[in-house]
Amino acid sequence: MNLKNKRISDEDFFKEREEVLVGWPTGKEVDLQEAVDYLKKVPVEKNFAKVLENAKNAGITLAQPRAGVPLIDKHIELLNHLSKEGGADLLPSTIDAYSRLNRYAECQVGIDESIKAGRAMMNGFPAVNHGVKGCREVYESVDKPLQARHGTPDSRLLAEIIHAGGWTSNEGGGISYNVPYAKDVSIEKSLSDWMYCDRLVGFYAEQGIIINREPFGPLTGTLVPPSMAIVTGIIEALLAAEQGVKSITVGFGQCGNLVQDVAAIRALEELTEEYLKEYGYDDVVVTTVFHQWMGGFPEDEAKAFGVISFGSATAALAGATKVIVKTPHEAIGIPTKEANASGIKATKMVLNMLEGQRLPSSKALEAEIEMIKAETKCIMDKTFELGNGDLIVGTVKGFETGVIDIPFAPSKYNAGKIMPARDNNGAVRYFMTGNVPFTKDILDFNKAKLEERAKFEKREISFQMTIDDIFAVGKGKLIGRP
Amino acid sequence: MNLKNKRISDEDFFKEREEVLVGWPTGKEVDLQEAVDYLKKVPVEKNFAKVLENAKNAGITLAQPRAGVPLIDKHIELLNHLSKEGGADLLPSTIDAYSRLNRYAECQVGIDESIKAGRAMMNGFPAVNHGVKGCREVYESVDKPLQARHGTPDSRLLAEIIHAGGWTSNEGGGISYNVPYAKDVSIEKSLSDWMYCDRLVGFYAEQGIIINREPFGPLTGTLVPPSMAIVTGIIEALLAAEQGVKSITVGFGQCGNLVQDVAAIRALEELTEEYLKEYGYDDVVVTTVFHQWMGGFPEDEAKAFGVISFGSATAALAGATKVIVKTPHEAIGIPTKEANASGIKATKMVLNMLEGQRLPSSKALEAEIEMIKAETKCIMDKTFELGNGDLIVGTVKGFETGVIDIPFAPSKYNAGKIMPARDNNGAVRYFMTGNVPFTKDILDFNKAKLEERAKFEKREISFQMTIDDIFAVGKGKLIGRP
Amino acid sequence: MEKKKIVLGVIGSDCHAVGNKILDYSLTDAGFKVVNIGVLSPQEDFINAALETSAEAIFVSSLYGHGEIDCKGLREKCDEAGLNNILLYVGGNIVVGKQEWKDVEKRFLDMGFDRVYPPGTSAEKGISDLREDLGKRG
Amino acid sequence: MEKKKIVLGVIGSDCHAVGNKILDYSLTDAGFKVVNIGVLSPQEDFINAALETSAEAIFVSSLYGHGEIDCKGLREKCDEAGLNNILLYVGGNIVVGKQEWKDVEKRFLDMGFDRVYPPGTSAEKGISDLREDLGKRG
Ligand code: B12
Ligand code: B12
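Chains as they are written, first to last, in numbering that gives the first Met the number 0: chain A, 0 to 481; chain B, 0 to 481; chain C, 0 to 137; chain D, 0 to 137.
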């Protein structure tokens with residue numbers, strides 16, 4: 000393979016750019032120099048990177064919802080509701096699923112049908128179709144920083160349009176927006192496309208405009224063991240830094256065991272900073288995001304509030320820079336703006352009550368942090384080795400060989416050989432380790448933890464445990480006991 | 000004073016009993032021997048003491064709502080809704096405020112007006128007016144153990160009627176159901192009346208029937224420092240044990256700092272067991288109850304869910320045997336049965352997710368436990384000293400001298416000289432210590448903690464801080480910052 | 000100028016003491032002379048205190064849900080006692096449960112209260128209304 | 000007896016893979032031969048798979064909210080392809096947002112689906128309905 004982890008040259012970038020912008024007519028609206036001027040006028044309180052950095056320094060946790068509807072005026076109404084009524088600190092624009100596959104013509108159908116039906120027929124905001132103009136209209140109508148949240152393997156045109164539109168953050172990455180979201184996209188292709196997105200942000204940084212980038216930590220949202228999620232975060236952070244990104248938010252989706260979750264956020268932050276330093280990226284600001292439970296939710300709204308609030312408490316106790324908020328409608332469908340605001344309100348109440356409080360350092364917490372770090376290091380070392388020191392090559396080979404392996408992912412480029420299950424305290428462990436290159440100590444530890452549970456439940460460790468765990472939270476428990 | 004902490008003799012008890020039972024016509028319905036036979040048929044799963052003991056052994060936290068309406072059929076409907084739809088593990092019957100003052104004639108007006116108006120005109124279930132028959136009707140129509148929850152300085156007749164009615168737990172105590180609830184009742188009088196209630200439970204115990212008793216830990220629910228609450232719990236536990244009570248649940252109302260709250264529950268449980276052992280009560284089963292935030296609530300229901308869920312998480316992490324559940328209507332009024340059930344559902348979701356998880360032992364937690372124990376010991380020692388070894392005498396004198404002092408209590412027998420405020424992490428500390436006999440170390444510690452906050456907020460430690468703290472949770476924060 | 004006198008108390012069998020202490024503090028701070036009869040106060044205590052001190056207004060709190068029963072007839076008793084036109088304010092959680100505020104307010108206005116406050120009203124709101132109402136009377 | 004064949008997949012641009020894997024496991028476990036075309040599957044893939052394998056039923060999942068657009072015309076295309084009377088089931092989170100279930104069900108029944116499932120339906124429910132419907136056909 001040709002792809003290497005190296006800053007894209009200006010020549011290559013601008014050549015690629017020409018192809019990208021013709022992907023849809025709105026591409027013509029992007030004029031980089033004009034965009035730089037526009038972005039220079041973004042005030043501090045509407046710059047995603049700055050708001051995150053300030054929160055990190057102040058030691059507080061910000062709340063951000065997910066939200067997006069197809070039509071611009073409705074989308075503005077929605078975001079303002081979430082900001083003013085809900086009290087969101089950061090605003091999203093969730094992009095619809097057609098855009099995520101670059102099917103902009105289908106988006107147009109969705110927009111038209113939504114206008115006709117008088118209700119949203121799409122699950123997000125088709126930013127590319129609305130163009131720079133539409134994105135700026137949204138940006139100018141809200142009072143908080145804006146970020147695109149999606150799941151797009153090839154988000155190059157989207158990135159061009161949203162950033163020129165005044166949106167100062169883009170979620171995603173070559174692994175995290177491919178493997179959980181796509182079936183047929185090669186890792187090499189998505190890494191390459193996200194290199195472009197990162198380079199664009201790097202370009203802006205060179206013009207003095209800091210735009211935030213956020214790898215999608217939860218991946219499939221389904222029992223992803225912390226170390227595997229952290230590996231993808233570190234890799235995407237390193238790749239982004241190489242392209243000149245200066246503000247990176249690494250993320251993790253709640254697993255449900257408080258100590259493990261806090262340990263994961265701590266390990267994620269520390270390791271990302273260490274790796275960035277080790278590879279010579281000294282001026283990157285690293286912040287963290289904790290996602291409230293990303294798996295199947297209970298249908299009952301009161302129970303959903305319980306899940307939401309527990310996630311908020313964990314985020315605060317972990318000291319995450321921000322928390323992504325779920326809603327009481329999660330199990331059923333895209334929330335109304337009221338339901339969405341109520342999720343934010345419950346979240347902020349808990350964050351406010353826990354402001355400044357942290358899970359105290361303890362032997363149990365330290366041990367969990369060490370275990371997560373040790374697991375992560377095994378995978379990272381092997382990945383670098385597979386790439387002969389090149390992280391892109393290593394990552395592609397890592398997936399090929401199953402050294403990196405995301406449970407329940409739809410991608411055919413993912414080995415799908417590891418299988419997670421909860422231990423007797425609800426922490427997520429590796430039940431089948433596939434080709435993940437763990438030391439014997441780590442393998443033994445995972446096994447012992449699961450055997451403890453098996454013994455307690457008087458059954459064998461088996462795939463049935465995993466299935467039971469997948470349904471457990473939806474049914475009102477953390478652990479899927481028989 | 001004549002009152003001493005000594006088991007009431009049978010003679011005195013039965014003499015007093017005659018006076019008690021004529022307090023209202025329904026007193027005639029109580030026939031102790033018949034009641035013993037009735038209670039012997041209570042199955043394990045409907046015996047409050049047994050269900051608590053089993054939960055303690057299993058290490059799980061049970062959820063109990065508050066609830067009570069004036070009419071029997073509506074009350075039964077309510078309790079069944081909370082049990083079946085809400086998933087409550089233990090059932091309450093909250094007694095109305097007229098009954099609490101023994102104004103049974105006014106209760107009758109309330110019952111009649113409620114029938115006339117077609118809606119509840121009273122804030123609880125008037126158990127004395129409904130008599131043994133009414134209480135049994137309730138008991139027989141539900142599937143979980145029943146407890147009376149009230150705030151009655153003189154609950155003797157109530158105790159007679161509910162226990163004969165099959166209710167196997169009574170909340171309250173000579174301090175905790177006087178000082179926060181009454182203005183003019185002397186401590187001596189309420190201690191004496193609660194001696195009777197405890198003796199009644201002791202009498203049943205001698206017949207082989209274990210009834211649970213629960214001191215009301217939260218007191219005024221308003222910034223009560225942990226050690227002061229724990230002192231009242233220990234005293235009431237010791238007094239109850241002297242009368243032969245064998246199952247005691249000591250309680251504590253959430254303050255909001257996670258580490259302090261967990262420390263409080265741990266200290267409460269350990270100290271109560273130690274004191275009971277020290278004074279020779281070896282066969283008492285001690286369990287704990289954690290009350291979700293007892294102060295002013297936010298009006299917004301989503302925020303209320305946040306408060307409720309955070310309290311549930313604390314209860315679980317502390318390993319409390321049960322948690323008393325608030326509702327999303329708390330700030331406004333007595334909840335509908337639906338709102339009440341939704342509070343339980345949010346609570347149980349969090350308890351289930353945290354089942355088996357505990358706040359790990361840490362230096363911070365141990366230090367907080369030690370501080371609470373040291374403060375408690377100062378007050379307990381002085382109380383015994385004031386009473387020349389007699390706890391009843393000591394308690395009465397303790398209140399007279401302000402050695403025991405409950406903030407914001409309406410009772411004129413309470414000194415009202417201490418004033419609490421939150422420190423910079425939200426833990427409740429003594430800001431004015433009145434006559435509470437703390438060592439210099441403890442005084443310095445409390446002061447230093449509050450000065451940390453004062454410095455952070457750039458203002459003096461003052462009553463304004465306390466006021467700001469009182470309103471803070473209602474306004475969506477824990478600490479009342481300027 | 001002499002301080003205006005306000006009778007303050009929590010009516011009926013109601014023991015909620017915290018709001019009462021805060022109102023006392025805030026009214027005093029705002030320059031009123033507060034006659035605080037405290038919690039668990041029958042109607043008679045309010046009236047006697049108002050008579051004894053020639054108060055301009057009575058602040059009734061009811062938190063525990065029995066407000067409707069407890070407040071009934073207070074205006075009439077005030078009139079009988081010769082407390083003509085004394086300002087009667089009521090606040091707290093004055094009815095049982097979450098009810099439509101418009102209806103609740105009307106029921107209490109009909110009972111003869113001059114001002115009726117929903118849950119969570121700040122002391123400041125009561126004080127500014129009081130200043131306005133007293134101002135009108137001169 | 001030969002195993003009955005069921006085509007299983009997630010329609011449209013939908014990547015939700017977990018339910019699909021569970022359904023595959025449960026249907027297989029229940030004795031069916033599952034032809035799983037996976038996530039992100041266009042209508043054509045369902046039809047081709049059913050034609051190739053002579054399947055008895057098609058299990059369509061749609062989770063992400065575009066179910067209504069994605070499912071439109073599937074029955075007609077089945078008919079055109081000669082898959083007469085093939086059982087069409089659909090489940091998941093098939094519309095955008097929380098809507099009245101009765102209306103949603105009707106819209107999908109009108110589109111020609113034989114069974115329409117609300118969010119959170121267990122695999123077992125689908126399997127027992129399938130047994131019943133196949134039973135009727137003999
Ligand atoms: C995990 C998850 C994800 C993961 C998916 C990872 C993966 N590749 O699988 C990630 C994070 C990637 C994700 C992405 C998105 N998601 Co999503 N996701 C969920 C979530 C939380 C759980 C889904 C799940 O795995 N459940 C567990 C499995 C076992 O259950 P199941 O899928 O429901 O299937 C069961 C039953 O429904 C039934 N069933 C399913 N199909 C059929 C068919 C038949 C015939 C029968 C009988 C039964 C049946 O059987 C299964 C076994 O019991 C749900 C909400 C929830 N349920 O709590 C949202 C949800 C499905 N997602 C949603 C959305 C909108 C998205 C996104 C578009 C946007 C976003 N929020 O980022 C993208 C999708 C992009 C795309 N192209 O598809 C919405 C859909 C909204 C709607 N319909 O109105 C939901 C409902 C959340 C919400 N309330 O907003 N998601
Ligand atoms: C703390 C508390 C208690 C403590 C009280 C300790 C004490 N002695 O003070 C304890 C635990 C003992 C208690 C007991 C009971 N309580 Co209680 N309690 C509360 C709680 C949580 C907070 C009250 C409080 O202190 N707020 C802080 C103060 C500063 O605010 P405030 O009192 O509302 O006063 C402010 C304003 O309302 C306003 N205001 C008040 N009066 C007036 C008057 C005027 C003229 C004006 C202008 C303004 C004004 O000014 C104040 C300052 O801003 C409330 C619910 C809530 N608000 O969240 C329930 C609540 C008041 N209690 C309630 C009930 C039912 C009871 C009990 C009957 C039963 C029970 N649950 O155990 C017993 C009462 C027994 C009795 N005889 O009175 C109900 C009342 C229900 C209703 N009206 O429908 C409430 C609303 C809870 C609920 N939703 O069920 N309670």
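Hints are supplied without guarantee of correctness; some may be wrong.
[Unchecked claim] Chain A is faced by these chain B residues, among others (derived, beta-carbon under 7 angstroms):
#1 V108
#2 L257
#3 K302
#4 S341
#5 K344
#6 M352
#7 Q356
#8 S361
#9 F383
#10 G386
#11 N387
#12 G473
No lab work stands behind these hints: they were computed from the structure. No experiment lies behind these values; they were computed from the predicted model shown. Backbone N, C-alpha and C fix where the C-beta goes; we use that ideal spot for every residue, glycine too.
Checking hints one by one. Is G386 of chain B an interface residue toward chain A, by the C-beta closer than 7 angstroms rule?
Hint violated; G386 of chain B Cβ to chain A Cβ min 38 angstroms, cut 7 angstroms.
Holds or violated: is there a CB of chain A closer than 7 angstroms to the CB of K344 of chain B? With Cβ-Cβ at 4 angstroms, under 7 angstroms, it holds.
Report holds or violated for the interface hint on N387 of chain B, using the least CB-CB distance to chain A and a cut-off of 7 angstroms.
-> 42 angstroms, violated
Item checked: Interface hint for G473 of chain B, Cβ within 7 angstroms of any Cβ on chain A -> Since the shortest Cβ distance to chain A is 11 angstroms, the answer is violated.
Can the hint on Q356 of chain B be confirmed by a CB-to-CB distance to chain A that is less than 7 angstroms?
Hint holds; Q356 of chain B Cβ to chain A Cβ min 6 angstroms, cut 7 angstroms.
* With a cut-off of 7 angstroms on the beta carbons, see whether M352 of chain B makes it to chain A. => Interface hint status for M352 of chain B: holds (4 angstroms vs cutoff 7 angstroms).
Hint check: is the beta carbon of K302 of chain B less than 7 angstroms from a beta carbon of chain A?
4 angstroms, holds
Holds or violated: the hint that L257 of chain B contacts chain A, with Cβ atoms closer than 7 angstroms. 6 angstroms, holds
| request: Have a go at the V108 of chain B hint: is there a Cβ in chain A nearer than 7 angstroms to its own Cβ? | output: 36 angstroms, violated
- Given hint S361 of chain B near chain A, where the shortest CB pair must fall under 7 angstroms: 4 angstroms, holds
Are F383 of chain B and chain A close enough, Cβ to Cβ, to be under 7 angstroms, as the hint says?
34 angstroms, violated
For the hint on S341 of chain B, does the least C-beta distance to chain A fall short of 7 angstroms? Holds. Min distance 4 angstroms.
Figure legend: structure checked against the earlier numbered hints; hints not met, in rising order: 1, 9, 10, 11, 12.
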